[in-house]
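Since the structure of chain R is already known, use the hints to place chain C on it.
Protein chains: 2
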Amino acid sequence: MTHRLLVIGGDAAGMSAAATAKRRAGDAIAITVFERSAWTSYSACGIPYWVGGAVASGGALVARTPEEHRRRGIDVRTGSTVIALDPVRRSLEVRDEDGTISSHDYDSLLIATGAEPVRPDLPGIMGRGIHGIQTLDDGAEILKTMARAPRRAVVVGSGYIGLEMAEACVQRGLDTTVVDRGETPLQMVDAELGEQVRTAMSGMGITVLSNTEALSFELDEDGWATAVHTTAGRLDTDVVVLGLGVSARSKLAVAAGIPVGHRGGIRVDEHQQVAGFDGIWAAGDCVLSRDRITGEHLHIPLGTHANKQGLVAGTAIAARAMGIEPTLTFPGVVRTAVTKICDVEIARTGLGEREAKAASIDAASATVVATTKAGYFPGAEPITVKMLADRSNRRVIGVQIVGKAGSALRIDTAAMALWSGLTVDELAMIDLAYAPPFSPVWDPVQVAARAVIKELGY
Amino acid sequence: MTHRLLVIGGDAAGMSAAATAKRRAGDAIAITVFERSAWTSYSACGIPYWVGGAVASGGALVARTPEEHRRRGIDVRTGSTVIALDPVRRSLEVRDEDGTISSHDYDSLLIATGAEPVRPDLPGIMGRGIHGIQTLDDGAEILKTMARAPRRAVVVGSGYIGLEMAEACVQRGLDTTVVDRGETPLQMVDAELGEQVRTAMSGMGITVLSNTEALSFELDEDGWATAVHTTAGRLDTDVVVLGLGVSARSKLAVAAGIPVGHRGGIRVDEHQQVAGFDGIWAAGDCVLSRDRITGEHLHIPLGTHANKQGLVAGTAIAARAMGIEPTLTFPGVVRTAVTKICDVEIARTGLGEREAKAASIDAASATVVATTKAGYFPGAEPITVKMLADRSNRRVIGVQIVGKAGSALRIDTAAMALWSGLTVDELAMIDLAYAPPFSPVWDPVQVAARAVIKELGY
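Top line first, the protein sequences correspond to chains R and C.
For the first sequence, the positions run 743 to 1200 when this note's numbering is used.
For the second sequence, the positions run 743 to 1200 when this note's numbering is used.
If we strip away everything but chain R, and leave its shape as in the complex, we get (with noise of 0.2 Å):
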């Protein structure tokens, strides 16, 4: 008899299974997907380039449309909102765009409902003008604030959403204030890297205000956003970000009885699987990935994760429906992050100088500033390379980098040092490109390994 797949959620992580699935199992797997928009497949990290103009359109961040997966025979049905999950009958209830509601029994079930941004409950929240940035529609809906010519921008929180959305409000011609709790912006980098990048948005002409927050939006009789109030005083603005990252959207899972963690996130086995409810399986931003340094499930939602955790929940499901054990696993993560604001590229892996000491780990660090290329090489620009290292085992647990173009790439060298363990000393000696156009002699993630083993101590 055909497995019967419902996958809830047509973007990446729904998607990548769904053809994962297909494409191992075919006939033997008939696949239904429910989404509630009108995409599927899309870069939901593309979104603020769409917003700031370097993507034309929409369209363009969709990797693949409902039809062409439908040429690919998975049946996906877009307007249609997932209500209600039985694990223990096995079905779902949903509401299609006319509001009819109809009932679907699965063998398999893959939770692929991705995530939200985190909307505090602050007077005048809702307000019209008010975004937050996850969905193709979100991007739409932000389109239309921006039709109404507006001068000023507010953005709330300096995640890297945030920051990216800050930019491209700026590159919209708007007047821009970030608001943000921390000291220094771009919680993903340490102090000292975040003072960096302040600069680097100062340069752009964004107002950071640290240590500030949003206390509550002033609204006109229409309902639109005119200003934030803030513990630095009142800003008026015409459109507001909401850049406070975003928690899974996990609500239909814990109605279900499916016990959630970190941000809401779904915790799952290797294979994707939905420990205690057989035959259900989640990925991509609605679930947690367990931290190769620490250990912790965390909800880490990158776009990179979901089409990984995709890949191996399509597999997982495809063996099932084909009665084998499935063979891919997914490891976990080092918390690998990049983004750039204006010509300044960011980017870490592993942990920061917080989170070591969260995890109770004894860190030696050095921070390091060298060059993206060879010092006498044409376009050699600064680049800061902060590494921390385990005291008790010299392991690199953690690399933060900040530069200008050619740095943030990097972080890739330091992520597989990380993922294998790798002690500072070794890290220090590796065959790395080296060549006057792309690096100075010495690596600048290996003058950092040289400059944290200094400070172990020989």
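Rather than coming from a laboratory, the hints here were simulated on the basis of the structure.
Incorrect hints may appear among the rest.
Pairs of lysine-lysine residues, derived as DSS-like cross-links and limited to a Cα-Cα distance of at most 27 Å, are as follows [what the hints assert, rightly or not]:
1. K1196/R to K1115/R
2. K1146/R to K1115/C
3. K1099/R to K1196/R
4. K1196/C to K1115/C
5. K1146/C to K1115/R
6. K1099/C to K993/C
7. K1115/R to K1196/C
8. K1146/C to K1115/C
9. K1146/R to K1146/C
10. K1146/R to K1115/R
Relative to the frame of chain R, chain C by itself:
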């Protein structure tokens, strides 16, 4: 008593070692460096960019002058050529610029004599205007030829120095032809990627004559080269660059009874000590390095190895001077290399098809074309990645990359994978940096890993 260290050769390896030994052992060591030229600690890899005009002067390539080293307590003697080594009496014979010969005893000796361009025994090869490129003096020499306003250049050989010099010649406005024995230029990558290199070279106006050998050089009455005779006919020229690779400059060592291997390289242990010759170390372009994949000891002359080996040798010699055990070791190489021609970046690590076959490894391979950024992001460029894996254990054994801006440094991800012995399956799932301005959601290296997995079977 003060430990006497003599160093032969004052470039990367020699001066790294000397500086390290002095820093570690302080007054316990007295260091004298004999250097033939007037220069120390310069970037030989930068010479093509000096010749091409991107770097303004040879001096810009000097990281630390003899005077700067002297101020740090190292007795640097420029214009001094070591003419004999007696490992039994532990002494060197040295000829100064004025012809004076002196004898010097050592407790420890470091041989850091570098490499020299291969100069095949062809009629006319010693003519004027025929240049190998290895030392700053070589750079100064070819610039003298360039001052004669040549119109045509022939580059013999298509290694990376040959290619970089061909580009430099074009940048100086010369009509440039590369004569190359191989099927495709730049043997550091396999033929299908070499074809892309050929296209890039043609695109900048370089004529590439493949399957062609230089036979002899025609000289005028003053001894200047005027033409190259090749198996494809006669080529008029005003300047010739030898890009046939280099061999270790190890005649002095050989004369002292020190055995050498591949391309004349001196074999050393992991502390850079010459086996069987107590008190003699060697580092840099004159030694062999252990290939971590095949275990072979190969001559791989690169500035990055020279610096690391100098650090290791200097640490070991300082330990000897202080009567302690050396800790730091040189762990071998994975054959990472990178270069560019015009706006095309080329990189490799590990083994290509040829080397895999030579090592009797049954390799699976796949070649993919991806993009350097998210496909929809402005400035996304095509990047070709070829990956080889050992069928017996699924480990990555080699990666080659050709692409435009943002391609080459991704080889470091591959180098790290090779270093740690990762399988293609592991590499495909690692947490690399993802954001639309930096990478597609599956990193190009991981796209290649997935293609190899498909080839190997899931």
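Going down the list of hints, with the structure as the test:
{"no.": "1", "hint": "K1196/R to K1115/R", "in the structure": "24 Å, holds"}
{"no.": "2", "hint": "K1146/R to K1115/C", "in the structure": "16 Å, holds"}
{"no.": "3", "hint": "K1099/R to K1196/R", "in the structure": "21 Å, holds"}
{"no.": "4", "hint": "K1196/C to K1115/C", "in the structure": "24 Å, holds"}
{"no.": "5", "hint": "K1146/C to K1115/R", "in the structure": "16 Å, holds"}
{"no.": "6", "hint": "K1099/C to K993/C", "in the structure": "32 Å, violated"}
{"no.": "7", "hint": "K1115/R to K1196/C", "in the structure": "36 Å, violated"}
{"no.": "8", "hint": "K1146/C to K1115/C", "in the structure": "11 Å, holds"}
{"no.": "9", "hint": "K1146/R to K1146/C", "in the structure": "18 Å, holds"}
{"no.": "10", "hint": "K1146/R to K1115/R", "in the structure": "11 Å, holds"}
Comparing the model with each numbered hint stated earlier shows that hints 6, 7 do not hold.
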